[in-house]
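Novice: Those protein sequences? They're chains A, B, C and D, same order as listed. 12 is the number of the first residue of the first sequence in this note's numbering; add one for each residue after it. 12 is the number of the first residue of the second sequence in this note's numbering; add one for each residue after it. 12 is the number of the first residue of the third sequence in this note's numbering; add one for each residue after it. 12 is the number of the first residue of the fourth sequence in this note's numbering; add one for each residue after it.
No lab work stands behind these hints: they were computed from the structure. Take these hints with a grain of salt, some might be off.
Since the list gives no way to pick one copy over another, a pair counts as held whenever it fits inside one copy or between any two copies.
[Claimed, not checked] Simulated crosslink set (DSS-like; lysine-lysine; CA at most 30 Å straight-line):
| # | residue 1 | residue 2 |
| --- | --- | --- |
| 1 | K213 | K37 |
| 2 | K107 | K259 |
| 3 | K37 | K194 |
| 4 | K64 | K15 |
| 5 | K107 | K64 |
| 6 | K15 | K213 |
| 7 | K107 | K15 |
| 8 | K115 | K64 |
| 9 | K259 | K37 |
| 10 | K15 | K194 |
| 11 | K259 | K194 |
There are 4 protein chains.
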Amino acid sequence: MASKFYAIVIGAGTGTGSAAARRFAKSYPVVLMARSPASYQDCVDGINSSGGKAVGVNADAADPASLKAAFDRIRDELLPGHQLAAAVYNVGANFKRAPFLESKVEDFDGSVAGNARGFFLFAQQTIPLLLESVDASPAYPPTLLITGATASMRGAANCAGFSAGMVARRAIGQSLAREFGPKGVHVAHAVIDGVIDIPRTKAYGNINGGVEDGKLDPDAIAESYWHLHTQHRSAFTQELDLRPYVEKF
Amino acid sequence: MASKFYAIVIGAGTGTGSAAARRFAKSYPVVLMARSPASYQDCVDGINSSGGKAVGVNADAADPASLKAAFDRIRDELLPGHQLAAAVYNVGANFKRAPFLESKVEDFDGSVAGNARGFFLFAQQTIPLLLESVDASPAYPPTLLITGATASMRGAANCAGFSAGMVARRAIGQSLAREFGPKGVHVAHAVIDGVIDIPRTKAYGNINGGVEDGKLDPDAIAESYWHLHTQHRSAFTQELDLRPYVEKF
Amino acid sequence: MASKFYAIVIGAGTGTGSAAARRFAKSYPVVLMARSPASYQDCVDGINSSGGKAVGVNADAADPASLKAAFDRIRDELLPGHQLAAAVYNVGANFKRAPFLESKVEDFDGSVAGNARGFFLFAQQTIPLLLESVDASPAYPPTLLITGATASMRGAANCAGFSAGMVARRAIGQSLAREFGPKGVHVAHAVIDGVIDIPRTKAYGNINGGVEDGKLDPDAIAESYWHLHTQHRSAFTQELDLRPYVEKF
Amino acid sequence: MASKFYAIVIGAGTGTGSAAARRFAKSYPVVLMARSPASYQDCVDGINSSGGKAVGVNADAADPASLKAAFDRIRDELLPGHQLAAAVYNVGANFKRAPFLESKVEDFDGSVAGNARGFFLFAQQTIPLLLESVDASPAYPPTLLITGATASMRGAANCAGFSAGMVARRAIGQSLAREFGPKGVHVAHAVIDGVIDIPRTKAYGNINGGVEDGKLDPDAIAESYWHLHTQHRSAFTQELDLRPYVEKF
Numbered sequence: 012m013a014s015k016f017y018a019i020v021i022g023a024g025t026g027t028g029s030a031a032a033r034r035f036a037k038s039y040p041v042v043l044m045a046r047s048p049a050s051y052q053d054c055v056d057g058i059n060s061s062g063g064k065a066v067g068v069n070a071d072a073a074d075p076a077s078l079k080a081a082f083d084r085i086r087d088e089l090l091p092g093h094q095l096a097a098a099v100y101n102v103g104a105n106f107k108r109a110p111f112l113e114s115k116v117e118d119f120d121g122s123v124a125g126n127a128r129g130f131f132l133f134a135q136q137t138i139p140l141l142l143e144s145v146d147a148s149p150a151y152p153p154t155l156l157i158t159g160a161t162a163s164m165r166g167a168a169n170c171a172g173f174s175a176g177m178v179a180r181r182a183i184g185q186s187l188a189r190e191f192g193p194k195g196v197h198v199a200h201a202v203i204d205g206v207i208d209i210p211r212t213k214a215y216g217n218i219n220g221g222v223e224d225g226k227l228d229p230d231a232i233a234e235s236y237w238h239l240h241t242q243h244r245s246a247f248t249q250e251l252d253l254r255p256y257v258e259k260f
Numbered sequence: 012m013a014s015k016f017y018a019i020v021i022g023a024g025t026g027t028g029s030a031a032a033r034r035f036a037k038s039y040p041v042v043l044m045a046r047s048p049a050s051y052q053d054c055v056d057g058i059n060s061s062g063g064k065a066v067g068v069n070a071d072a073a074d075p076a077s078l079k080a081a082f083d084r085i086r087d088e089l090l091p092g093h094q095l096a097a098a099v100y101n102v103g104a105n106f107k108r109a110p111f112l113e114s115k116v117e118d119f120d121g122s123v124a125g126n127a128r129g130f131f132l133f134a135q136q137t138i139p140l141l142l143e144s145v146d147a148s149p150a151y152p153p154t155l156l157i158t159g160a161t162a163s164m165r166g167a168a169n170c171a172g173f174s175a176g177m178v179a180r181r182a183i184g185q186s187l188a189r190e191f192g193p194k195g196v197h198v199a200h201a202v203i204d205g206v207i208d209i210p211r212t213k214a215y216g217n218i219n220g221g222v223e224d225g226k227l228d229p230d231a232i233a234e235s236y237w238h239l240h241t242q243h244r245s246a247f248t249q250e251l252d253l254r255p256y257v258e259k260f
Numbered sequence: 012m013a014s015k016f017y018a019i020v021i022g023a024g025t026g027t028g029s030a031a032a033r034r035f036a037k038s039y040p041v042v043l044m045a046r047s048p049a050s051y052q053d054c055v056d057g058i059n060s061s062g063g064k065a066v067g068v069n070a071d072a073a074d075p076a077s078l079k080a081a082f083d084r085i086r087d088e089l090l091p092g093h094q095l096a097a098a099v100y101n102v103g104a105n106f107k108r109a110p111f112l113e114s115k116v117e118d119f120d121g122s123v124a125g126n127a128r129g130f131f132l133f134a135q136q137t138i139p140l141l142l143e144s145v146d147a148s149p150a151y152p153p154t155l156l157i158t159g160a161t162a163s164m165r166g167a168a169n170c171a172g173f174s175a176g177m178v179a180r181r182a183i184g185q186s187l188a189r190e191f192g193p194k195g196v197h198v199a200h201a202v203i204d205g206v207i208d209i210p211r212t213k214a215y216g217n218i219n220g221g222v223e224d225g226k227l228d229p230d231a232i233a234e235s236y237w238h239l240h241t242q243h244r245s246a247f248t249q250e251l252d253l254r255p256y257v258e259k260f
Numbered sequence: 012m013a014s015k016f017y018a019i020v021i022g023a024g025t026g027t028g029s030a031a032a033r034r035f036a037k038s039y040p041v042v043l044m045a046r047s048p049a050s051y052q053d054c055v056d057g058i059n060s061s062g063g064k065a066v067g068v069n070a071d072a073a074d075p076a077s078l079k080a081a082f083d084r085i086r087d088e089l090l091p092g093h094q095l096a097a098a099v100y101n102v103g104a105n106f107k108r109a110p111f112l113e114s115k116v117e118d119f120d121g122s123v124a125g126n127a128r129g130f131f132l133f134a135q136q137t138i139p140l141l142l143e144s145v146d147a148s149p150a151y152p153p154t155l156l157i158t159g160a161t162a163s164m165r166g167a168a169n170c171a172g173f174s175a176g177m178v179a180r181r182a183i184g185q186s187l188a189r190e191f192g193p194k195g196v197h198v199a200h201a202v203i204d205g206v207i208d209i210p211r212t213k214a215y216g217n218i219n220g221g222v223e224d225g226k227l228d229p230d231a232i233a234e235s236y237w238h239l240h241t242q243h244r245s246a247f248t249q250e251l252d253l254r255p256y257v258e259k260f
């Protein structure tokens, strides 16, 4: 762990975010970002108590000032002299299903803010750092990873607002991959197609008939994130899907 | 023209919007909406002077109050007792290409506001009216048409903000098609893949080598919009592409 | 009907083929091709007795010699001096669902032969004729239309062989559109996503809950085929979908 | 290497096939299949001389009898008592670009035979073996991997025959993923979008401007194949793309 590189996970409160943080913490100090310590503190403590290094930072992805302050703190205070190896955008905002005529434009606004605008802003903070890392002899190409969902691929009925934000996020990622891939930064999007196995979804007993492994194990998702990070620059993946073996698609 | 049905085109200032208005005016009174009369007045006058009926209404799609006021005016003042046969969302906002690190979040915001949020709001105004029309023995299924672009399909390099808005708009359309198709409302998205032949693009002499018909004729686009409107409900198109015969794709 | 142009429909026995023949017969003499008169004779008679002009020709799309003989007959005997305005590939071969391990490679072979190889051969006969027509002042750009299906878009479970042929047919069409579009030939693919309302499917009472117009009306499909044919070359559609308003997608 | 599991790579002569064989040989005995020893012998020898275990078997994927004989030999003679952990379909047939009207139907036939029919037949041999392995406590879910290409995604101009075979192969893979995923067999397709760095392509100096890593390193591809094999069944990838960082897409 003598590396001067580090990783960031924003949206660190969910299963995927925590799992990604733990996985990347095997190789890098990790910064966990979320709007409040309630989301990241347990994971930060867990990493630190098991031999890794983690710090938590409050930040609201959709608020440019909050985000900038968080990155300034990392640079000046938390990990001075370090370079960014990998950044994971895992914020999930405003998932809900509702008939369109019962939806509010605030549903749309909330989804776009957290799912797309936040990613735009996060990328504006992280891309310059990742570009700097390209020249710093990193073990793996500097990487920006994006958590997607089924709703990133199409607009399902009763899901207009959430989809709007998620497809926008994916398109931003495609745009960044095309612009910054040739400069050595790997931008990849993972389409999580299924229910993730986290405390909040434990009660969803009927998912895929309740069979074992019918929900996505966050640690399994994190293994694929790590694989994406370690890909050689001659063979970058821009997008992959991840779904339980029993999931219909 | 004894019909009690009418059509609306919002974003009526561009070539496609004006052409759609003229095409639908062959069968319906048409309302043209844009932020200022400068956008729609010529087209309104042209339709009225050639035997059709058109009115112009100021409205900003991204502003709920402005939009609601415009629809109230149509109902109470401009076309009382009429029913909505077709609505065309043709607003195009904030198209620009720029390196991502020179882009501002305002580019993203402007694209999302006009290209997606405005469509969300326009749909919330028009879907209830179109649903009412289903039961009013219209000649053709009530239709909501959406103008898309190449950027609706993927995020190109240097185009993150514009794509974000356009893919979001497309996803909202897919969601609406899935929810309201079964209720008899036809929601269709046209992917305009090429440069449209309008005054502003006359100078783009090198498009497709400057060959004749190398840019999309707005009237040709409008013919396909009209065809979409007239499709039988047993054979709705949700999406088609439109591009010049010489366009690379 | 003084036109020296004509249209061909191959796979003329099904609802879509017959309906397309009838629609195009409003403007052109039409050649119906199928493997035996049993498929096309009723439709030929119907067109001729209602003021149009139609001839039937036996041909097996997957057999190059049979196909060439049919085109020679058209040129030398049936419609000498005429030029091809539109050709429709509507052959449907070997649709079946079966568990993969109960499938035979013959299922794959039959699907590929009729759905893709036949189209390849049909295109090799028709593209040269359509290219000639480009210079013959046709009313509309010479057109090659392809009937596709849900299975043209992805491989569903228990549908490997049929999908293999259908996706291959679509890809050939895309390739032709890209090569011959710039030369003035319009190649378009229609994804028919649903059950077509023909005698054979009358018994499928439960399709979309048995609601009216829950199956595709072949005449409605044919209207969209005609629209594709009449599109201006500045605004060609390469692909559209067609599905009943109540169809899930 | 006490494992009773083994892996097969067919189309083992190319860079990707050999690299996959070497990668899987770190964990399993590997069978390399190709039409002649000239394709696989060097790789077999290399694996055996560096501590792995490999055998070569002649087989023509498009010939059912040849394929069956090869699998019988593996079972009875080469690796009796072993179970199949992973199978890689890497046959590449008939890649060529040619104007459509200069193409022969034999180009289509050759592509379909090697790229799609061969995969259909290979899957009919391997799926039953992979299903048996599901219950044999393998370290990772039994896996069927498919090498795809840009032409698997769409039909480019001058590429109809090759695309036909490649899109068909992809669709078969999708169908198998949907049918056998729920039974525990992982079927995944890798879209190789770029030129692979093998002896035959060394001369292509101008690929991506000749920059370092502008062609795909076969060993990098193989790492992603191994990752796909090791994915937990709660998070299977069905498809990923792989392309050089400088590749346009």
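Novice: With identical chains, the pair K64 and K15 could be close in the same copy or across copies; at 30 Å between alpha carbons, which is it: within, between, both, or neither?
Specialist: So K64 and K15 pass the 30 Å test inside one copy only (12 Å; across, 40 Å).
Novice: How would you classify K259 and K194 at a CA-CA limit of 30 Å: within, between, both, or neither?
Specialist: between (38 Å within a copy, 12 Å between copies)
Novice: For the identical chains here, do K107 and K64 meet the 30 Å Cα criterion within one copy, between copies, both, or neither?
Specialist: Neither, since 35 Å and 42 Å both go past 30 Å.
Novice: Is the C-alpha distance from K115 to K64 at most 30 Å within one copy, between copies, in both cases, or in neither?
Specialist: For K115 and K64, neither the intra-copy (42 Å) nor the inter-copy (34 Å) Cα distance is at most 30 Å.
Novice: Within, between, both or neither: how does the pair K107, K259 come out at a Cα-Cα threshold of 30 Å?
Specialist: Close inside one copy (21 Å) and across copies (20 Å); limit 30 Å.
Novice: Check K259 against K37 for me: Cα-Cα at most 30 Å, and say if that holds within a copy, between copies, both or neither.
Specialist: Answer is neither; intra-copy 33 Å and inter-copy 33 Å both fail.
Novice: Taking 30 Å as the upper bound on the Cα-Cα distance, should K15 and K194 be classified as within, between, both, or neither?
Specialist: within (21 Å within a copy, 45 Å between copies)
Novice: Using 30 Å as the alpha-carbon threshold, which applies to K213 and K37: within, between, both, or neither?
Specialist: within (27 Å within a copy, 38 Å between copies)
Novice: Reference check for the pair K37 and K194, CA-CA at most 30 Å: within, between, both, or neither?
Specialist: within (27 Å within a copy, 33 Å between copies)
Novice: State whether the alpha carbon distance between K15 and K213 is at most 30 Å within one copy, between copies, both, or neither.
Specialist: neither (38 Å within a copy, 37 Å between copies)
Novice: Taking 30 Å as the upper bound on the Cα-Cα distance, should K107 and K15 be classified as within, between, both, or neither?
Specialist: neither (40 Å within a copy, 38 Å between copies)
Of the numbered hints listed earlier, those contradicted by the structure are 5, 6, 7, 8, 9.
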